[in-house]
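Fit chain B to the given chain A structure using the hints.
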Amino acid sequence: MIETAPRSSLPLAAVATLAALAVLPLFLSDWIVFLIALALAKGAVVLGVVMLLRGGLISFGHALYFAIGAYTVGFLANRFGIGEALVALPLAIVISAVVAAALGLLLARFRGIYFAMLSLALSMILYTVLIKFYDFSGGTDGLSVRGFALAGITPAHPGLVQYYLVLVLTAAVVYVGGRFLASPLGYLMQAVRYNEIRIEYLGASASHAILASYVVSGAVSGLGGALTAYLVGHVSPEFAFWVYSGDFVFVAVLGGTGSVFAPLVGSVAFEFVKNYALKFSPHTWQLTLGVFLLLVIYFQPKGLWSLLTRLRARPR
Amino acid sequence: MNILPIILIDGIGFASWLFLVSAGITFIFGVLRILNVAHGSLYAIGAYLGATFILGLPGQEQRSWVTLPLLLLAAVAVGLTVGPLIERLFLRRVYGADEVIGLLTTFALFLILEDVVRLIWGIEPYLVDGPFRLFGRVRVAGVAFAGYPFLLTGVAIVAGLMLWLVIHRTSFGRQVTCVINDREMAGALGINVPRIDLMAFALGTFLAALGGAFTAPMMSVEPGMGVSVIVQAFAVVGIGGLGSIGGAALGCIVVGIARAAAVQLFPEIELFVIYALMVAVLLWRPQGLFGAIELRKI
Numbered sequence: 204m205i206e207t208a209p210r211s212s213l214p215l216a217a218v219a220t221l222a223a224l225a226v227l228p229l230f231l232s233d234w235i236v237f238l239i240a241l242a243l244a245k246g247a248v249v250l251g252v253v254m255l256l257r258g259g260l261i262s263f264g265h266a267l268y269f270a271i272g273a274y275t276v277g278f279l280a281n282r283f284g285i286g287e288a289l290v291a292l293p294l295a296i297v298i299s300a301v302v303a304a305a306l307g308l309l310l311a312r313f314r315g316i317y318f319a320m321l322s323l324a325l326s327m328i329l330y331t332v333l334i335k336f337y338d339f340s341g342g343t344d345g346l347s348v349r350g351f352a353l354a355g356i357t358p359a360h361p362g363l364v365q366y367y368l369v370l371v372l373t374a375a376v377v378y379v380g381g382r383f384l385a386s387p388l389g390y391l392m393q394a395v396r397y398n399e400i401r402i403e404y405l406g407a408s409a410s411h412a413i414l415a416s417y418v419v420s421g422a423v424s425g426l427g428g429a430l431t432a433y434l435v436g437h438v439s440p441e442f443a444f445w446v447y448s449g450d451f452v453f454v455a456v457l458g459g460t461g462s463v464f465a466p467l468v469g470s471v472a473f474e475f476v477k478n479y480a481l482k483f484s485p486h487t488w489q490l491t492l493g494v495f496l497l498l499v500i501y502f503q504p505k506g507l508w509s510l511l512t513r514l515r516a517r518p519r
Numbered sequence: 035m036n037i038l039p040i041i042l043i044d045g046i047g048f049a050s051w052l053f054l055v056s057a058g059i060t061f062i063f064g065v066l067r068i069l070n071v072a073h074g075s076l077y078a079i080g081a082y083l084g085a086t087f088i089l090g091l092p093g094q095e096q097r098s099w100v101t102l103p104l105l106l107l108a109a110v111a112v113g114l115t116v117g118p119l120i121e122r123l124f125l126r127r128v129y130g131a132d133e134v135i136g137l138l139t140t141f142a143l144f145l146i147l148e149d150v151v152r153l154i155w156g157i158e159p160y161l162v163d164g165p166f167r168l169f170g171r172v173r174v175a176g177v178a179f180a181g182y183p184f185l186l187t188g189v190a191i192v193a194g195l196m197l198w199l200v201i202h203r204t205s206f207g208r209q210v211t212c213v214i215n216d217r218e219m220a221g222a223l224g225i226n227v228p229r230i231d232l233m234a235f236a237l238g239t240f241l242a243a244l245g246g247a248f249t250a251p252m253m254s255v256e257p258g259m260g261v262s263v264i265v266q267a268f269a270v271v272g273i274g275g276l277g278s279i280g281g282a283a284l285g286c287i288v289v290g291i292a293r294a295a296a297v298q299l300f301p302e303i304e305l306f307v308i309y310a311l312m313v314a315v316l317l318w319r320p321q322g323l324f325g326a327i328e329l330r331k332i
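Protein chains in written order, with our numbering: chain A, 204 to 519; chain B, 35 to 332.
Chain A extracted, bound-state conformation (with noise of 0.2 angstroms):
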């Protein structure tokens, strides 16, 4: 079954849903504000895998790219004293894409299980250097971030000012990703998981269908990443560790590949259970995801988000 673009009904809901989290501020804690934009921030790297995964391609290293693009923030303003966004975010962006771009060209030749051993093995690889090379990435200890900075100006509640800035950019990055799937580039990928000999017979190439994913997949978790190195104001190297990767597959097929939306709603929930089951029981949680991520897999092997759907396809 093809799965189809938002419908019209989804941007009203989706303006709706932005109006109420740029209202929720004024009511909730601090502390959970954090939390639901870490969870937006993250959430843009999951709709990176999921732009993938409607290709039936599995990436099990987009760690990297959220490495690449919270490093690129850590590096700015550890060594270079740069704490802008506006100079930090578009060159994460720009750094992910062209890197995506590079190793793309080789991932395109793969498909199922390579792919995901392989764009794990990058992933991996960036992470030994990570490690091993003191000098230059900080090693085990990381990076710290300070002086965040938007458009010159050093905001007295940084806090408040980068939940709206991923506010703002989650809008954009959904908006661009929600056209990215409706084009027939994004429809290209969901021909490729079913049937790759046919697009080429049909004219089309399946390789450069991946590719193009690839690169704004790649763009957009770069952005994720470098939206957490401010939300955090650390980086370290297990940024691009596998078991990261393994979050982002997991929130993605949590929320399925049905919609723009649902990688967020996915993160959001992924960031609150994941939060409150290490607070009440630190040694059982990672046991609960796995039940849970092993249920979704039998029974709702569409995501959460189909559930929504069918609710709302069921004739009234």
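Just to be clear, a hint being listed does not mean it is correct.
[What the hints assert, rightly or not] Label-pair ranges, simulated between beta-carbon atoms: (1) F283/A <-> L42/B: 40 to 48 angstroms; (2) V476/A <-> Q94/B: 46 to 54 angstroms; (3) I154/B <-> N478/A: 23 to 31 angstroms.
Simulated from the structure, these hints should not be mistaken for laboratory data.
Just so it is clear, CB atoms sit at the ideal spot from N, CA and C, and this is done for glycine as well.
Just chain B, lined up with the frame of chain A:
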């Protein structure tokens, strides 16, 4: 001082360890078409059970030869209990689905098993270096080496030979080969395919646990020990070609020697070299050294 013998002997020791952890992955993938992300956890369970058995011995016995059969027993126990349990309960449902689904299912199992290990054995590290000290030091070419890694090499060679014998010289092995080639036809010819699946996964689990149990004396057994193992094993099976045990063996030796050389010559790139080798090999041969080329679906 000549570093060549150091590189060779360290490399072979590391290669033996890699073979024990990756042979099971590639065998399971060959039969079930599932890349087992939870393999590192099975390795950890083997290590924990082996450590528990040794710690159950009276003090001086912990440094005796009795420990070695106990480590083997631990691996067999894990293979016979945890393996079949996982296959029956969780994997059976996803055979024939996308490879991606198998990957996700075993990732979920990885998350679950990591916590199960913590719940059973706690978070304190276990130290059982009795068997390691039993083997003392060996002098080769004028350099003193720990003796225990040579035992590990022996275990890896015996395990590899046994696996080869089982696949090529037994009825079970022939049935496995049939199932690998054509599941449906194998079933039609009267082979009990679900039973073969079960036994294959149990055998793979045994290999992972064997690797874990015999590694336990060399390191502190602690939570998270399986997490980094799995990516290194993936690199090896990627280099060798998924599903090829001979390929895994060759991949181990290449990676083992390369890493030992890196440790001696360029210590900064020690870990890096594994993944770089994998990327290089896959660029040259996308299906790995011994992997079969798969046709794309029409």
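The hints, checked one at a time:
no.	hint	result
1	F283/A <-> L42/B: 40 to 48 angstroms	holds (45 angstroms)
2	V476/A <-> Q94/B: 46 to 54 angstroms	holds (49 angstroms)
3	I154/B <-> N478/A: 23 to 31 angstroms	holds (26 angstroms)
The earlier numbered hints are all upheld by this structure, with none contradicted.
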